[in-house]
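Asker: Residues per chain, in single letters:
Number of protein chains: 2
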Amino acid sequence: MTPEPTIRRLAKYLELLKIELANGTEEISTTKIANIFELDPTQVRKDIEFTGIIGKPKTGYNVRELYEGIINFLNWKEPKDAFLAGAGHIGSALAHYSNLSDYGIKIIAAFDIDRKKIGKKINDIEIFSIDKMPNLIRRMNVKIGIIATPPDTAQEIANMMIDAGIEGIWNFTPVHIAAPENIVIENAQLTLSLAVLTRRIVEKKYEKTSLGEIYERDINK
Amino acid sequence: MTPEPTIRRLAKYLELLKIELANGTEEISTTKIANIFELDPTQVRKDIEFTGIIGKPKTGYNVRELYEGIINFLNWKEPKDAFLAGAGHIGSALAHYSNLSDYGIKIIAAFDIDRKKIGKKINDIEIFSIDKMPNLIRRMNVKIGIIATPPDTAQEIANMMIDAGIEGIWNFTPVHIAAPENIVIENAQLTLSLAVLTRRIVEKKYEKTSLGEIYERDINK
Chain V
100 MTPEPTIRRL
110 AKYLELLKIE
120 LANGTEEIST
130 TKIANIFELD
140 PTQVRKDIEF
150 TGIIGKPKTG
160 YNVRELYEGI
170 INFLNWKEPK
180 DAFLAGAGHI
190 GSALAHYSNL
200 SDYGIKIIAA
210 FDIDRKKIGK
220 KINDIEIFSI
230 DKMPNLIRRM
240 NVKIGIIATP
250 PDTAQEIANM
260 MIDAGIEGIW
270 NFTPVHIAAP
280 ENIVIENAQL
290 TLSLAVLTRR
300 IVEKKYEKTS
310 LGEIYERDIN
320 K
Chain A
100 MTPEPTIRRL
110 AKYLELLKIE
120 LANGTEEIST
130 TKIANIFELD
140 PTQVRKDIEF
150 TGIIGKPKTG
160 YNVRELYEGI
170 INFLNWKEPK
180 DAFLAGAGHI
190 GSALAHYSNL
200 SDYGIKIIAA
210 FDIDRKKIGK
220 KINDIEIFSI
230 DKMPNLIRRM
240 NVKIGIIATP
250 PDTAQEIANM
260 MIDAGIEGIW
270 NFTPVHIAAP
280 ENIVIENAQL
290 TLSLAVLTRR
300 IVEKKYEKTS
310 LGEIYERDIN
320 K
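Chains V and A, in that order, give the protein sequences.
Going by the numbering used here, the final residue of the first sequence carries number 320, and the count climbs one at a time with no gaps.
Going by the numbering used here, the final residue of the second sequence carries number 320, and the count climbs one at a time with no gaps.
Check before you lean on any hint, since a few could be wrong.
One copy or two, either will do: identical chains are not told apart, so a pair holds if it fits within one copy or between any two.
[Said to hold, decoys possible] Calculated cross-link-like contacts (lysine to aspartate or glutamate; reagent style DMTMM-like; alpha-carbon spacing at most 20 Å):
1) Lys304 with Glu103
2) Lys304 with Glu280
3) Lys303 with Asp262
4) Lys145 with Glu302
5) Lys145 with Glu164
6) Lys303 with Glu103
7) Lys303 with Glu177
8) Lys205 with Glu225
9) Lys131 with Glu280
10) Lys157 with Glu119
11) Lys242 with Glu302
12) Lys231 with Asp180
13) Lys304 with Glu177
None of these hints come from the bench; they were simulated from the model.
Bound conformation, chain V alone (with noise of 0.2 Å):
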């Protein structure tokens, strides 16, 4: 398996090949790409190879190229199919992500238990009712569900994913989903992700006192 700071950085290179592109760029360098993301060269060429794209060695890599050996290997050339559970805010907001196309995932439609939302559409997607979701999933051959439910519901909507034989799952919730080894979980916690925010934050702030420095030695012995 591809470690996942490669995937996720490969995808931040994605971003920046994009505006090269849109800029007529035709080569870009490790170097380049490492300058602009604070990273090794050295790392930058290791997560490039795992796509199987080859640089040249002055020039680097063929902007376009490497833009669509990326978007192979993140499996985004042609947008899956994706059921979503749960219309709340946080559901909403995905339903309006008007690009998700672009990063390997289509929403075909939205389930709720809320009577007021069954029928509703939000941004052209429908909202049925969660019963007919396991049906859908078979008839429909969805293989990507997203939970964007309430925490306490959430591994019941997970497990009638999983038994309609949905593949990946992309959990919204703060729960830890269990599920057989087979089925990918990927979870979007936002609070993972302000975890590190408000932690780092602290560290820059010991980094500069010299409190901080002898905090910084100690834990660096």
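Model the placement of chain A on the given structure of chain V, informed by the hints.
Answerer: For chain A alone, coordinates are given in the frame of chain V:
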């Protein structure tokens, strides 16, 4: 600096500890934590070491002590005031995220350029004109900024925030934000999470097929 995966895992352990506390559990072992999250117990022990909390040889960790240790480590004891730039779908979903204050931040004001939004409220959070943001950051001594604007304005908004004294930015746009070294930029980029999901689904398929076995063998050489 603490490795990012450690910070993210500690935030996950915290969710488990909340449940254990609610259940009245007093002690928890690294093995139990490791089993639930499908990790190596050594990894769990190393992660927890960063918080300074020490377990006992047989019983493991005191649940409340570990809970509070992680809360302190993540700087989540007192939620910090945060400003939200961009009151669109993502911004609104964040403003409705009722328990952000359990995760270290509290959105106290939102900012937008859309005159129709200015003066209105989302979940009791008032929307101001973006022009007022720098002055309010200074006056209210706000240190955390959230960017949920269209991508093309993200860097400009970040510059405004940083000039006014923001120390950490939670970026919801797919844009790479350039910032001085003492500023924390945390990308909540959903697209990076999607990259992991869609790539992992491919990898699980490879694992299942004999072609996959050959492929796996090759890349593991």
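Asker: Now, for every hint given, state plainly whether the structure supports it.
Answerer: Hints, verified against the model:
1. In this homomeric assembly, lysine 304 and glutamate 103 come within 20 Å of each other (Cα to Cα) only across copies, at 17 Å, whereas the closest approach inside a single copy is 28 Å.
2. Taking identical chains as interchangeable, the C-alpha atoms of lysine 304 and glutamate 280 lie at most 20 Å apart only when they sit on different chains, with a minimum of 12 Å there against 41 Å within one chain.
3. For the homomeric pair lysine 303 and aspartate 262, the shortest alpha-carbon distance between copies (17 Å) is at most 20 Å, but the shortest distance inside one copy (46 Å) is not.
4. For a Cα distance limit of 20 Å, the shortest separation of lysine 145 from glutamate 302 across copies, 18 Å, qualifies, whereas the shortest one inside one copy, 28 Å, does not.
5. Proximity of lysine 145 and glutamate 164 under a CA criterion of 20 Å is satisfied intra-copy only: 17 Å inside one chain copy versus 41 Å between copies.
6. In this assembly of identical chains, lysine 303 and glutamate 103 lie within 20 Å of each other by CA distance solely across copies; the values are 14 Å between and 25 Å within a copy.
7. Proximity of lysine 303 to glutamate 177 under the C-alpha cut-off of 20 Å is restricted to the inter-copy arrangement: shortest distance 18 Å between copies versus 41 Å within a copy.
8. In this assembly of identical chains, lysine 205 and glutamate 225 lie within 20 Å of each other by CA distance solely inside one copy; the values are 13 Å within and 33 Å between copies.
9. Taking identical chains as interchangeable, the C-alpha atoms of lysine 131 and glutamate 280 lie at most 20 Å apart only when they sit on different chains, with a minimum of 19 Å there against 39 Å within one chain.
10. In this assembly of identical chains, the alpha carbons of lysine 157 and glutamate 119 lie at most 20 Å apart only when taken from the same copy (18 Å versus 57 Å across copies).
11. Within a single copy, lysine 242 and glutamate 302 get their C-alpha atoms only as close as 41 Å, which misses the 20 Å cut-off; across copies the closest is 14 Å, which meets it.
12. Taking identical chains as interchangeable, the C-alpha atoms of lysine 231 and aspartate 180 lie at most 20 Å apart only when both belong to the same chain, with a minimum of 16 Å there against 42 Å between chains.
13. With identical chains, the CA atoms of lysine 304 and glutamate 177 are at most 20 Å apart between copies only, with a shortest distance of 17 Å across copies and 45 Å within one.
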